[in-house]
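S.K.: Each protein sequence line maps, in turn, to chains W and C. Just so we're aligned, residue 1 is where the first sequence starts under the working numbering, counting upward by one. Just so we're aligned, residue 1001 is where the second sequence starts under the working numbering, counting upward by one.
These aren't lab readings, by the way, just hints derived from the structure by calculation. Please note that a few of the clues may not be correct.
To be verified - 20 Å max Cα-Cα, derived EDC-like pairs, lysine to aspartate or glutamate:
(1) Lys1078/C <-> Asp589/W
(2) Lys272/W <-> Glu1124/C
(3) Lys586/W <-> Asp1060/C
(4) Lys1076/C <-> Glu598/W
(5) Lys389/W <-> Glu450/W
(6) Lys1061/C <-> Glu598/W
(7) Lys86/W <-> Asp583/W
(8) Lys1008/C <-> Asp1241/C
(9) Lys586/W <-> Asp1101/C
(10) Lys285/W <-> Asp1101/C
(11) Lys1076/C <-> Glu1124/C
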Amino acid sequence: MTLSKLAVKNIRKSIKDYSIYFFTLVIGVIIFYVFNAIESQSIALSVSKRAYETIELMNQFLSSVSVFVAIVLGGLIIYASRFLIKRRNKEFGVYLTLGMSKRKMSVMLFFETLLIGVISLFVGLILGVAVSQLMSVMVAGSFEADMSRFNFVFSPKAAVKTGIYFGIMYVVVMIFNTVSVGKCKLIDLLHGDKKSERMSLKNPIVCAVIFVLSAALLGFAYYRMINILKMNDVKQVGFVLLMGAVSTFFIFWSVSGMMLTLFKGMKGVYFKKLNSFTLRQFSYKANTMVISMTVICLMLLLTIVLLGTAFSMSRSLNGNIKKLLKCDLYLYKGMDVSEDVSADETESGILKDLSDNGFEADNFSDMVKYYVYGEDGLTEGSYCGEYIKELTDNYLFVREENLLMIMKESDYNKVAELIGQEKIDIEGDEYVIVGNFEPSLEVRNRLLKENKKITVNGHELNPKFDHCINGMVSMIGTPSEEGVYIVPDDAVSEDMRRYERVLANYKEGSDAQKAAIEEKLIGILDMLWDRDASISYKTKEEMKAASTGLAAMVTFISMYVGIIFLIASAAVLSLKELSESADNVKRYDVLRRIGTDESMINGALFKQIGMFFLFPMLLACVHSVVGFKTANVILESMGSKQTIFSLLSTAAVILAVYGGYFVLTYFTSKRIIKG
Amino acid sequence: MENTEILKIEDIEKYYGSKSSLTKAINGISFSVEKGEYVAIMGASGSGKTTLLNCISTIDKVSSGHIYVGGKDITKLKGNALNKFRREELGFVFQDFNLLDTMTAYENIALALSIQGVKPHLIETKINGIAKDLGIDEVLNKYPYQMSGGQKQRVAAARAIITEPKLVLADEPTGALDSKSAKMLLEGFKYLNEEINATILMVTHDAFTASYAKRVIFIKDGKIFNEITKGDKSRKEFFDDIISIVSLLGGDQSDAL
Chain W
1 MTLSKLAVKN IRKSIKDYSI YFFTLVIGVI IFYVFNAIES QSIALSVSKR
51 AYETIELMNQ FLSSVSVFVA IVLGGLIIYA SRFLIKRRNK EFGVYLTLGM
101 SKRKMSVMLF FETLLIGVIS LFVGLILGVA VSQLMSVMVA GSFEADMSRF
151 NFVFSPKAAV KTGIYFGIMY VVVMIFNTVS VGKCKLIDLL HGDKKSERMS
201 LKNPIVCAVI FVLSAALLGF AYYRMINILK MNDVKQVGFV LLMGAVSTFF
251 IFWSVSGMML TLFKGMKGVY FKKLNSFTLR QFSYKANTMV ISMTVICLML
301 LLTIVLLGTA FSMSRSLNGN IKKLLKCDLY LYKGMDVSED VSADETESGI
351 LKDLSDNGFE ADNFSDMVKY YVYGEDGLTE GSYCGEYIKE LTDNYLFVRE
401 ENLLMIMKES DYNKVAELIG QEKIDIEGDE YVIVGNFEPS LEVRNRLLKE
451 NKKITVNGHE LNPKFDHCIN GMVSMIGTPS EEGVYIVPDD AVSEDMRRYE
501 RVLANYKEGS DAQKAAIEEK LIGILDMLWD RDASISYKTK EEMKAASTGL
551 AAMVTFISMY VGIIFLIASA AVLSLKELSE SADNVKRYDV LRRIGTDESM
601 INGALFKQIG MFFLFPMLLA CVHSVVGFKT ANVILESMGS KQTIFSLLST
651 AAVILAVYGG YFVLTYFTSK RIIKG
Chain C
1001 MENTEILKIE DIEKYYGSKS SLTKAINGIS FSVEKGEYVA IMGASGSGKT
1051 TLLNCISTID KVSSGHIYVG GKDITKLKGN ALNKFRREEL GFVFQDFNLL
1101 DTMTAYENIA LALSIQGVKP HLIETKINGI AKDLGIDEVL NKYPYQMSGG
1151 QKQRVAAARA IITEPKLVLA DEPTGALDSK SAKMLLEGFK YLNEEINATI
1201 LMVTHDAFTA SYAKRVIFIK DGKIFNEITK GDKSRKEFFD DIISIVSLLG
1251 GDQSDAL
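Produce the complete structure using the sequences and hints provided.
M.R.: Here's what the structure looks like:
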């Protein structure tokens, strides 16, 4: 019999053991393919500059996460193969006894790894394509968005990348197997199962010290994480993540070493029922599972943050559309300061450009034209003073040198009427701030309370209210109006014009008629753009699509990756616990022999499995507090926020999947230990 | 000695296999054990002695007949009542120790008490007492892999006796021990029997081990073949008696020794 045939027979024979390995590999391939298929998706949707910055940020996140995923999977596979080799020690011992050389055994293992590798890669890729399709269909159904731009098709690039990465991982496994076969001794192989594993107890004092140190490191990592994002120093995110991961590892390492000592101190608890047995089992296993628990904890963290983000995104999406898209069209144009402002308004400007090119204003039912004024030196920095750091540190688009946006009272009231906002009545030397970008309003509210004056064009103005008015003067799809200063009409002079803006509704008609108007208009605007008469535009319909598209995409990716990580971590825990239960059949038998009740045994099993599921989850929850803070920075700039709703939804999904795996594991384990 | 019957076995039978190929592992055995007795059951491999022990310990079920422990018919017990019986009335010593390898000697012994719901603060004094008696106080904080076979078996004996069971059942307790360890264990049993008045039923095929008992029942082919008591004889004389009966058992004598 050739070695390759023997390899095939071996796999068939130990299909039960191999199934755990195989399952792990297939899950790995699926996750990796799906993840890389996302990365290779084109996300160049037509979105605003701010949204684009967000996507850029997200991309940087995704690529560092992708490396992390590869490392995770590599570790997982090596772990699974080690697990397999250990279970087959006796079989290898028999081969050696019968005179097979170690070299031949390595070759045989090579064939086995190769075969399993190829099959799992193949199965994993097929399932990966299927899973990604299924999920995209599911998510697409829950959004009104046109998902045709975001279809999951087979991604050859991702498939090839998966193949290469897994090829490398399999080679590592083969090298690892060869080394471990070369090192093994016959006596250990034959009696491997009888030799009870040594309890390598850690020194509790060392553990306590390490625990304190790693908790401190973790705190520092938390601090850095929050601040790095404030400073937009995204390049260092990877390093901070690594710091967090390392401290997580050492926290698990030290806690699993300490907890037995801690519980032993509590004699009343420790020697109650099967507690001593359960805790021993747990701490023994936990000590050997530090790496896996770290990985699982980090995966859960990602899950929690991603799901939470996804839910708040999808929720705020519809609200934004309703609240923020109040008219059909928004046109704007920067103005050359040297331009002759004395000219009649109908002689130049946006409307003139349009009518010159065949688009008349009678296509609009309502229309407001206004100017945004600015004064040199009257900047965000000069107004906000020391508070400006709070904004510029957190938000990419707020800059100290930006001029304050100033608007005439009469213009504002026209806009307010068009988009359904309350009008403002300014008497004398007063000003009012209108905006809807919360973080920025918060800062301005503080200044208004301090009765901060501004001087516009030589007029000193006092705040009319001690708070900003929630509202907007444009239509940009996200609540990111940072604050517009409404001043008396005579406070500005026309040479302060910075932007010309038009808000309009199309002439009454059917949707098709409106669409026709819009099409014609956009055609002209695009042409003008080419001729360097740059009028920017946003239309309700386009923004609806883009905003839905963007939010849907972010939601989609987040939910997708989150759920897959959740399933992966639950599956790994479950596999580990099942194999643990299989190894423990003898121990539970001993318990039965000394007369332990079945209910007590089941209780012990429940506690043991429960602790394994809970342990990484607890730390992940702590991590996720910082994770949410970080995600909020991104969310806020997209006009969204973590809400109780999103937290509850996240908890529900996690409870369903993770809890489901737990229950499944418990009942299967119960069946296994019944013997 | 007061006349209390701890164990009474009434004409039990145990069959294995189907009708076409029936094996009678136990073919009509009856005997009883008084409180404070130390009984050894001897027989060659396949004589049915381990099956007998399994039936008494409720690990296996008899095909017919009755077994009474403290007057209660245990062949009628089921489910948790069985566990309760095993937990409260019996103590076990197995050939392969059956200690939990993840726990220290102390915790192994304590487990027998904590599953009975004994208050944790009572556990410590109890264990320290029995450990001194059996000479294992040195190894209480060690794990099974750090102990010799003899120490492990004495820990197992401590676990069996700590709950003060009506009956201690030992299945080839010296089977996995070297002669020195075996002797120490048997001295331990002797101590438990004589000083704590523990009732011990031990299954063995080793004449030396059996010679520590006060009474030896010989089994052959699922039936009681002979029975001798030590009486006032020295252990050496009793050992010689046992050897002479073992030789009568015939068949695979070498196996019996």
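S.K.: Give a verdict on every hint.
M.R.: Hints, verified against the model:
At most 20 Å may separate the alpha-carbon atoms for a hinted pair to count; Lys1078/C and Asp589/W meet this at roughly 17 Å. Proximity of Lys272/W to Glu1124/C is assessed by CA-CA distance (about 13 Å); at most 20 Å being required, the pair is judged to hold. Proximity of Lys586/W to Asp1060/C is assessed by CA-CA distance (about 17 Å); at most 20 Å being required, the pair is judged to hold. Restraint check for Lys1076/C and Glu598/W: satisfied, since their Cα atoms lie roughly 18 Å apart, inside the 20 Å limit.
Distance hint between Lys389/W and Glu450/W is fulfilled; the C-alpha atoms sit about 18 Å from each other, no more than 20 Å. For the given pair, Lys1061/C sits about 18 Å from Glu598/W by alpha-carbon distance, which is consistent with the 20 Å threshold. Proposed proximity of Lys86/W and Asp583/W is supported: the alpha carbons are some 12 Å apart, at most 20 Å. The straight-line distance between the Cα atoms of Lys1008/C and Asp1241/C is roughly 26 Å, outside the 20 Å bound, and the hint therefore fails.
The suggested pairing of Lys586/W with Asp1101/C holds, with an alpha-carbon distance near 10 Å, which does not exceed 20 Å. Distance check on the hinted pair: Lys285/W and Asp1101/C sit about 13 Å apart at the alpha-carbon level, within 20 Å; holds. A hinted pair counts as satisfied when its Cα atoms are at most 20 Å apart, and Lys1076/C with Glu1124/C does not qualify at roughly 35 Å.
Violated hints, listed in ascending order, are 8 and 11; each of the other numbered hints is respected by the structure.
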